[in-house]
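**Student:** Sequence:
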Amino acid sequence: MFKACPYPVLPAPHKHSAPFLPPRISPAPLQGLSSPLLRCPSQRLLDRVVRRYAEVADAGSIFMDHFTDRDKLRLLYTLAVNTHPVLLQIFPGAEGWPLPKYLGSCGRFLVSTSTSPLQEFYDAPPDQAADLAYQLLGVLESLRSNDLNYFFYFTHVDAGMFGIFNNGHLFIRDASALGVIDRQEGSQAASRAGDDKDIFSCLVSGCQTELPSCDTIPEKQNLVLVCSQVLPLLLQAKFPSPVREEIDAELTRCADGTRPDPEVLGAASRLKDILRPLRTCDPRFAYRYPDCKYNDKF
Numbered sequence: 001m002f003k004a005c006p007y008p009v010l011p012a013p014h015k016h017s018a019p020f021l022p023p024r025i026s027p028a029p030l031q032g033l034s035s036p037l038l039r040c041p042s043q044r045l046l047d048r049v050v051r052r053y054a055e056v057a058d059a060g061s062i063f064m065d066h067f068t069d070r071d072k073l074r075l076l077y078t079l080a081v082n083t084h085p086v087l088l089q090i091f092p093g094a095e096g097w098p099l100p101k102y103l104g105s106c107g108r109f110l111v112s113t114s115t116s117p118l119q120e121f122y123d124a125p126p127d128q129a130a131d132l133a134y135q136l137l138g139v140l141e142s143l144r145s146n147d148l149n150y151f152f153y154f155t156h157v158d159a160g161m162f163g164i165f166n167n168g169h170l171f172i173r174d175a176s177a178l179g180v181i182d183r184q185e186g187s188q189a190a191s192r193a194g195d196d197k198d199i200f201s202c203l204v205s206g207c208q209t210e211l212p213s214c215d216t217i218p219e220k221q222n223l224v225l226v227c228s229q230v231l232p233l234l235l236q237a238k239f240p241s242p243v244r245e246e247i248d249a250e251l252t253r254c255a256d257g258t259r260p261d262p263e264v265l266g267a268a269s270r271l272k273d274i275l276r277p278l279r280t281c282d283p284r285f286a287y288r289y290p291d292c293k294y295n296d297k298f
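Quick note: UniProt numbering has the sequence shown finishing at residue 298, numbered continuously throughout.
Honestly, I wouldn't trust all of these hints.
Stated by the list, open to error - Cβ pair distances, simulated, as ranges: (1) A28 to Q119: 35 to 45 Å; (2) P218 to E120: 44 to 54 Å; (3) T252 to G60: 40 to 50 Å; (4) D248 to R183: 30 to 40 Å; (5) D123 to E246: 38 to 48 Å; (6) E246 to V56: 43 to 53 Å; (7) T155 to R51: 22 to 32 Å; (8) N146 to S228: 15 to 25 Å; (9) G266 to L148: 17 to 27 Å.
Keep in mind the hints are simulated off the structure, nothing from the lab. Cβ atoms here follow ideal geometry from the backbone N, Cα and C, with glycine treated the same way.
Using the sequences plus the hints, can you model the full thing?
**Tutor:** Here it is, written out as structure tokens:
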């Protein structure tokens with residue numbers, strides 16, 4: 001999949017640019033960026049960005065001593081404008097994250113493994129629609145609860161942000177609206193006001209006087225967005241009564257942003273339980289076939 005990405009044609013760095021680009025990125029200089037990834041930065045997250053950044057040789061260190069000034073500027077500019085290619089590198093699909101494989105970039109183009117957008121499956125047969133909805137709810141669960149204790153949240157969603165591989169496996173196709181909160185280390189973002197700006201605060205979309213608190217992102221956010229804007233179009237009028245009424249009822253509860261987090265999470269869990277037996281086991285679902293013939297887990 002080719003995707004336009006924000007790598008600029010950078011001028012030769014000014015000889016005095018190095019002092020603004022320290023060997024180790026810290027949260028403070030990045031707090032003015034509008035990127036969701038950096039709304040709530042932690043040192044652990046930023047170290048992961050530098051250590052896994054694939055556009056330089058000898059990746060693996062949390063220090064940027066092996067980065068040229070041009071490399072540093074390219075990374076920071078990408079973090080400022082569109083973090084999608086960075087997310088593919090720091091949370092690779094090979095480690096179980098629901099993202100496509102990053103294959104590289106050239107100029108303003110990003111290359112990753114190809115997927116078909118979810119909206120192409122709105123007319124899919126009931127068993128395939130149930131399978132995709134079940135997978136999508138599972139992806140959201142992994143974004144909320146994972147071994148590294150990061151909480152991933154969407155600022156907005158649409159069906160084009162999710163894709164399906166040829167084997168039927170669903171992934172996040174566009175991660176540009178995906179933010180990350182470090183539950184293990186916490187955010188080191190400090191409130192800023194007035195003219196106390198970092199050097200990147202006006203780079204993209206004007207100056208913010210104060211960043212919203214990271215504590216305002218509820219656990220239910222991803223579910224509310226997906227249950228209200230994506231799943232209804234995928235599941236509508238696909239199933240006979242009374243299953244259809246059960247699905248609609250749980251979708252309504254899941255999409256209700258006024259409900260407390262536990263109620264929304266509970267509705268999503270019940271919806272998964274309803275969808276699970278509606279899936280079939282056949283070669284169309286190659287990502288879990290033939291395992292599904294011998295193991296109920298699939």
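**Student:** Run every hint past the structure and note whether it holds.
**Tutor:** Hints, one by one, checked against the model:
{"no.": "1", "hint": "A28 to Q119: 35 to 45 Å", "in the structure": "holds (40 Å)"}
{"no.": "2", "hint": "P218 to E120: 44 to 54 Å", "in the structure": "violated (31 Å)"}
{"no.": "3", "hint": "T252 to G60: 40 to 50 Å", "in the structure": "holds (48 Å)"}
{"no.": "4", "hint": "D248 to R183: 30 to 40 Å", "in the structure": "holds (33 Å)"}
{"no.": "5", "hint": "D123 to E246: 38 to 48 Å", "in the structure": "violated (22 Å)"}
{"no.": "6", "hint": "E246 to V56: 43 to 53 Å", "in the structure": "holds (52 Å)"}
{"no.": "7", "hint": "T155 to R51: 22 to 32 Å", "in the structure": "holds (25 Å)"}
{"no.": "8", "hint": "N146 to S228: 15 to 25 Å", "in the structure": "holds (24 Å)"}
{"no.": "9", "hint": "G266 to L148: 17 to 27 Å", "in the structure": "holds (25 Å)"}
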